Structure formats: C-alpha cells, structure tokens
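Participant: Each chain is listed here by its residues.
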Amino acid sequence: MTAQRLLDIRGLRAGYDGVAVLHGVDLHVDAGEIVTLLGSNGAGKSTLNNNVSGLFRPYDGAVYFEGEDITGASSTHIVARGLVQVPEGRRIFPNLTVRENLDLGSYRRARQHRASNLERVTAIFPRLGERMTQIAGTLSGGEQQMLAIGRGLMAEPRLLILDEPSLGLSPLLVEEMFALIRRLHVEGLALLLVEQNVVQSLELAQRGYVLENGRIVLSGQATELCEDPALRRAYLGV
Amino acid sequence: MARLGIAGGMIVALAVPYLIRSDFWLGFLITVLLFAAMGMAWNVLGGYAGQFSFGHAAFFGTGAYASAILHIGFGLNPWLGLAAAAVAGGLVGLVIGTLSFRYGLRGSYFALITLAFAEVLRILANTAEFTGGGVGLYVPLKVGVANLQFESKLGYYYVALGFTVLSLGVGWALERSRLGARLMAIRENEDAARALGVDTFMCKLQAIVISGALTGLGGAFYTQYYLYIDPGIAYGPGVSVEILLVPIIGGLGTVFGPLLGSAVLHGAGELARRLVGDAPGLSLIFYGALLVIMVRFLPEGLMGLVWRLSRRRERAANA
Ligand SMILES: Nc1ncnc2c1ncn2[C@@H]1O[C@H](COP(=O)(O)OP(=O)(O)OP(=O)(O)O)[C@@H](O)[C@H]1O
Ligand SMILES: [Mg+2]
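Residue numbers (our numbering), protein chains in the order written: chain A, 1 to 238; chain B, 239 to 557.
Just chain A, with the same shape it has in the complex (with noise of 0.2 Å):
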C-alpha cells in the first residue's frame, strides 16, 4: 500500500502575459511528508504555486489535488478543498487587528471549527495569542510570518503550501520558524515548504526537488540530495 498522493503536478507549464516562466513541472507531495521545492531567485518556485493554487492559470499540464483534477480552478474551490498557500513576503492584512486575521482564514473552510483552531493557532503560537487585538502592520516581521502561518492554519489545510517562511528573518528566529514548521509536520499536516534555506530545509523535509528556470533539474530523498556534488556547489559553494 502506498502513501495517499495528496498532490500531483504533471508536466505543468506556466508563465505571465505568454511567456512561459514554467516548461513542464513534474512534482508530487504524498500524506504526511514535508517536500521542499529548492531555488535559486526567479526559478519559478512562487509562479508554481501561485498556478499550483489558483491565483493563475497553468498554460498546459495538470495538477490533482486528491485524486480531484484541479487545474485552472479557481482559488476559491482549491481552498475549500483543502490546499492552503501562504504567500511569499507576510501578506497579512496590515490595518486589521491579529483576531481579525485569523478569522479570516477560516471563511472558505472549516468555519465551524473557528473556535478550536484558533486554539490551536495561539497553542503553536503563543505570541500571536498575546496579541489577538493588536494592529497586525505593526507586528514584528517574524510575527507577521506566523500569522501568516496560522491564518493559512486556520482554514484546517490538508496541505500547506509556504513560500519563502523564513525570508528576511534574523538566524535565531529561523530555527524557531523551522522549529515551529516540524511541529506541524509532526501534529500530521502535509507540507510543500518553498525556500532557498537549502541546508535547513533538506533538514526537514523528506524529499525535495531543485528548480533552475523554469525545470526541476534534480529530485529525490532529502538525505541524497545533501550529498549532491552539484547541488553542493551550485547553492553551498563547496
């Protein structure tokens, strides 16, 4: 019996206004792994999941979502399915309160569960529930990417897609966003974690993929692709 496939991307192509920035992405995330998509700047790894999730649409390709063939839907459905985004750069909603925030995680899905998640959110994140009235635009730049994170919670992914979550992040506040992102792992959440943290990531994750414009050009168990001479060298200079 193997894993239930949660995420299945074949062949996807992509790009903005005709030119393609994506030429044929395979890439599949099963239940219960973390799965890194590796990068360097402008590879197409936020152009993924913004088709991967709705927000564009693929030019050619599938993606499946459970079995459910997804592609070109609108993000609405991919949400109330069950596969969350949270975006690259802390798009929260700055003049809201953090309260207001989290609620709004949970209008396209799981809102009759508002209660408990957001119990659960303020458990993983406790210094967000300290500050459920405060103005979100003034929350620290870490604090934004957790809630971020738990607004993306909120709507009780079945797959979490983050982009980037430890971008612009001091090193300590690194580790705890890494540390936070195990735990989820942990708790049984499935995730598609985007970075360009090479180390830490292949860390975490299970398998992992390298995209260079626009094609995965390496893949396979996070443990292998440490010892990649040429991932190695292109991304750790030695």
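Calculated from the structure, these hints are not laboratory results. In this text, all values refer to a predicted model and were calculated from it rather than measured experimentally. Check before you lean on any hint, since a few could be wrong.
Examples of chain B residues toward chain A, derived with CB under 7 Å [claimed, not checked]:
no.	residue
1	E426
2	A430
3	R432
4	G505
Partial selection, computed: residues in chain B whose CB lies under 8 Å from chain A [said to hold, decoys possible]:
no.	residue
5	A419
6	L434
7	R553
Heads up, the beta-carbon is just placed ideally off N, CA and C, and yes, glycines get one too.
Following the hints, put chain B with the ligands in place on chain A, whose structure we already have.
Facilitator: Below, chain B with the ligands alone, put in the same frame as chain A:
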C-alpha cells in the same frame, strides 16, 4: 454608551425640525442627510472594499432618471419609484462591476472607468429622447404624501432622515458581516485575500451593487425634492466629487464618517458661499482644495481625528 448616544442622536434628529423652524436650515439639513446617505453608499465600495469610484453620478443619475421617467411616462407611484431607482442603480453597478472587475481593473484604472461611465451616460442623456435631452425632465407638481411630494420641507426632511438611517444601517450591518470582513481583506491586500479563497470578484460585485442601489435611491429622492432633473445635474462630475468627498472627509470605512463628513462639507461650503458669493465653478475649486487638505493632513478623516483625541484623553485619564 454608544447605543445611548445613537438613541439620543435619533431623538434630536426627529425633533430638530420643530426646534429650528427655518426653511433655509431645514433645506441645509436635508442636503446633509442626502449626501451622508450617498456618502455611505460610496463608502461601501470605496471605504470598506477599497475600490475608489470617481463616477457615482452614474448611479445617482440613473436612479434620478428612472424614477422620473417611470413616474411621468408610466404613472408609477414615486414611492415605488424609489425602489425602482434602487434596482436601476444596482443594475448599473452590476454592469460596471462585471466589466471592470472581470478584467481585473484596480486602483486608478477602476476610478477612471467609473468616471468614463458617468460621462458616457451624461452624453447619452443629453441626446436621448426619453430623458428629455438637454432640457431635462420636470416632474408634475401634485402635492400629497401618497405622491412623495410635501407641502413643506418637513416631509422631505423625514424621508431623507429615513434614507440616512437605512444607509448607515447598511454600513453598520456590513461591518459585522462576513461580506464586510472579506471586503476589508480585499482592500488591505487583494492577492492575499484570493490566496485565502475569498472570491474577490463576487465580493466586489456585491459591494458595487449595494453601493449603486443606495446611490440610485438618493437620485430618486433628489428628483422628488427638486421635481427637476437634467443631464448635467444627474451625471455631472459635481455629484461624483461631492459623494466621494463626504466619506473621505468624515473617515473611510467608518459608519458615522459619512454623516460627519457631509455636515462638515456642506457647512464649510455654505460658509464659503457667504464669504465669497456663488460664482460658477467655485464649489469645484473649493472641493479640490478640501480634498488636498484632507489627504495631506487627515488621511483617516475626521473620525480618525476623533479616535486619536479620545484615545489621548483616555490615556491622560489613566495616567
Ligand atoms: N506577476 C508577474 N508578471 C510578470 N512576470 C512575473 C510575475 N511574477 C513573476 N514574474 C517573473 O517570473 C519569473 C519567476 O518568478 P518567481 O516569482 O516564480 O521566482 P521565484 O523562484 O519565486 O523567486 P524568489 O525566490 O526570488 O521568490 C521571474 O523572471 C519573474 O520576473
Ligand atoms: Mg518566490
């Protein structure tokens, strides 16, 4: 406390015509109420959803013409004309919203599209037969409550008051509704809202339909009040600017901002008229100057100022 204030305000509002007994000031209050209600209509779309319209005259004018034409041409009762005007305004909102939101027009592009729609309607009203062309339409004088025509300003005052209560009530309900939360999310960050699964197109469409319907209602009231409408009044930029100034002065995305804004805008306008007279075009210059001042010094509007002052007092009291 807030509830007590609102109840007190309502009692004062109901009693005011018996206290001031001046036709001039009653007329002034009617204008304040009418624009408070329409400012709130604009606020639904601009303040809560963050979609700034420069062409609310498109809704106002359509409501004004709808009630006038249906009454003059088809004998529709003006009270029902109010409802018809709301429907007509909502439909115009549906059309403008579908076209501009479907193609993802945001920010200044959306503002320009609304402006263009109002201008096109103004030109059409100027040339079409059934709108009376440039001459406009006169609603026949038939005084009677059943006919939504009143002997004195008193009747109009209470209808305008009812309209304002309705409009502010819509804002109040919106603030507490799921739609309101979604609109605010769209205003704050549309892409993030979409990532959460908010159907941004539908939400914005609902906002512009509500906004258009309420503004159309205001247009119909205007027709009944002045018993005359022409393309320049109905679809001219003057109305659009006046409607958007009200919530910007009072406070975007607040329930009482439009009421405060309308009172201040028309109070200041009246003062300016007394000081320098009623030269044509002067009001637009005045509006422009006011807009610059507000955006520069009080971007949160007067409600923001009230907030800041009350918080400072609280802090002083706690210290
Ligand atoms: N909205 C857009 N319109 C046009 N081009 C875009 C848009 N967003 C991204 N691109 C382009 O697509 C390419 C891939 O960008 P993408 O954001 O997917 O990279 P990324 O791998 O996420 O990089 P980073 O690690 O810096 O976030 C880049 O060349 C970028 O300029
Ligand atoms: Mg990116």
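Participant: List in ascending order the numbers of the hints, as given earlier, that are violated by the structure.
Facilitator: 4 and 7
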